[in-house]
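Quick mapping for you: the protein sequence lines, in order, are chains A and B.
290 is the number that the working numbering gives the last residue of the first sequence; the numbers go up by one with no jumps.
464 is the number that the working numbering gives the last residue of the second sequence; the numbers go up by one with no jumps.
In short, the hints are calculated from the structure, not lab data.
Just to be clear, a hint being listed does not mean it is correct.
[What the hints assert, rightly or not] The calculated lysine-lysine pairs, modelled on DSSO-like cross-linking and capped at a C-alpha distance of 30 Å, are:
(1) K255/B to K139/A
(2) K10/A to K255/B
(3) K113/A to K197/A
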Amino acid sequence: MKRRKTSMKKRQFITNTIVHVFLAVLGFIWVLPIFFVILTSFREEAGQYKSYIFPRAYTLDNYKKLFDQASSLTYGRWFINTLIVAIFTCILSAFFVLCVAYVMSRLRFKMRKKFLNIAMILGMFPGFMSMYAIYFILKGFGMLEAGPLKLVALVMVYSGGSGLGFLVAKGFFDTIPKTIDEAAFIDGATKWDVFRKITIPLSKPIIVITILNSFMAPWVDYIFAKVILGQDRKYYTIAIGLWTMLEKEFVEYYYTQFFAGCVLISIPIAILFLIIQRFYVEGVSGAVKG
Amino acid sequence: MAGKKRKRSNINTSLRDVDFRTAFMQGNGITKLSAVIFGLGNFLHKQIIRGLIMVSVEVAYIYYMISFGLDSIKNFITLGTKVQEEVFNETKQIYEYVTGDNSMLCLLYGVVAIFLILGFILFLRTSVRSAYANQKRAELGKPIPTFKDDLSSLLEQNLHKTLLFVPVLGILCFTIVPLVFMALIAFTSYDRNHQPPGNLFDWVGLDNFIAMFAKGSKLSSTFWPVLSWTFIWAIFATFTCYILGMLLAMLINRKGTRFKAFWRFIFVLSIAVPQFVSLLTMRTIFNANGPVNVILRNIGVIGATQSIPFFTDPTLAKITIICINIWIGVPFTMLTTTGILQNIPKELYEAAKVDGANAFVTYFKITLPYMLFVTTPTLITAFAGNINNFNVIFLLSGGGPEAIDYYYAGKTDLLVTWLYKLTITNKDYNLGAVISILVFIIMATLTLLTFRHTGSYKDEEAFQ
């Protein structure tokens, strides 16, 4: 009996070791590209591809040059552009999403089921399928005449159809027990009061998720920004700006700066993402426990 | 008191929900006339402000129709008749461009006009129904709601209208109108040879669809391979990430595994980095002269000047893309499945252990069925998302390697990236629109077939 126990322990030890080694190898593969990005961002030698992996010398210049005013690719400006677009987008879309989600979850009216079906089909359309139609519409109404207007157009594009992304928030509202609402109605509250004073305060996790998600969209979107901003480099957002750095005419000079830019932009986004993760666990587990 | 209130609101509800046909048929003369003069039924029952709003909408609409609308409709049918011309100006002694009609704008304004007409019809119905409701209330001797009542109802019975108004307006302008506009382009000749403002394009019926499916044409010999690769890609991308991600989550969740949080963090780190950054990085890493080839050269697997064609060989490019997608997708699945895996009742596993089932049997008989049951909706969404996975293909290979026998597409192009190339690079908008419609049909069938059978759709009130 005792011998069997030790042999089992031994076997368990071996499997555990194998699992840990395996995880370590996988983890290494998963971290390697990130490591490569950071390494290259500190590389002193300019130019694109080298016949070695580790840089010969390290420098901070790549980061400094990003904010060089004389440069034709203005990273600092792109950053501010994206920040402005992101702030307005997240306010508008969060508002839209929460309104639609609450209505679909709590209110019952004639067109409700129809609206849900239509929303589901429309949601299947990736937004950029209609991207050039949107482009023509914005152009037709003169929204693409000047740079700042293009940024306004971008905010409209990002937040305009966002009401369709209500499903997650609706799922959250669905978990708030209806009895709470009913108690409030008995006390004479209107539906608006319930929305404002009960549902919204109870929904912090989902509000944070919605806001952060829509805040992140402009930082990582490539297609819409490219279509709407065209060749107007001064008004680029970060994503297309970085893409431009890899174009043939720039890549030799900007290759290392591209990676520096990637590192700089990845840090805040990674932090936001990790925050969302924490809230997400809370959000999924529902608003009112017990 | 409460009972009385309930009763009154019942009458109000039934009056509100009366449909247009009965309202118009059973209404008296004033109600019927409200279809012509908006708000008449409101004015006569002292709902001055409501009536004013209705009338002003009607006046604005008629003004729009006379000044723009009728022309828009006419141009929408013809899509413009006057071509831009060069005319010799006698007084200035130079050639001048005389602007012709812009077919694209004709189409756009036409669509806008159609939506405004629909909106007008909606308003007409509201006017008649509201007049009918007032008529009934007057007959029954009920009080007629004042403007203040109307406003406060917007926060009570009509709260859905208040909350939905702006979002729906946004969806209408930025989703539905563009979709209609795009769908209409599929039936026109708006290609590279018919570019406004220099040229006109016209309605061509189903010609574009026929061209797309005509046997032996360059278009159809591009369409079918691209379509089949799209599906192969979607299937592989979805299931590799799903199964491997789940296995990874199980490996980390194992009882014996230590530093669980650390392992999770390592993998989550790679998705915390913006996707375009990791994709562009991957592209340089697997480039002909990128780090992977450099390492292989240094350790002598390939010659000093050789390189493995990760993105230039058609078959290898497809494999590379699927593998890179695993790198990107697996952490996502790991993250979403971790919680669900922890929710699987422990008794199931214990019972299986007592019955002497080994790891494989428990995986295929307990874990996988349970996971499939819970995650089917996410799986479908992921599949649909992969059919339209623009970013991965476009940022990694750009659709390449180019294929000579294709119509402006590469070997790894999905329908969506081909659509992008057709419209943005080549300006064949009509073909792009045809593909959009086809993709939409594929997606809509997929969704309706699968989503409607899921529990979360059928009994959404289960948890309320």
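Against the structure, the hints:
no.	hint	result
1	K255/B to K139/A	59 Å, violated
2	K10/A to K255/B	16 Å, holds
3	K113/A to K197/A	26 Å, holds
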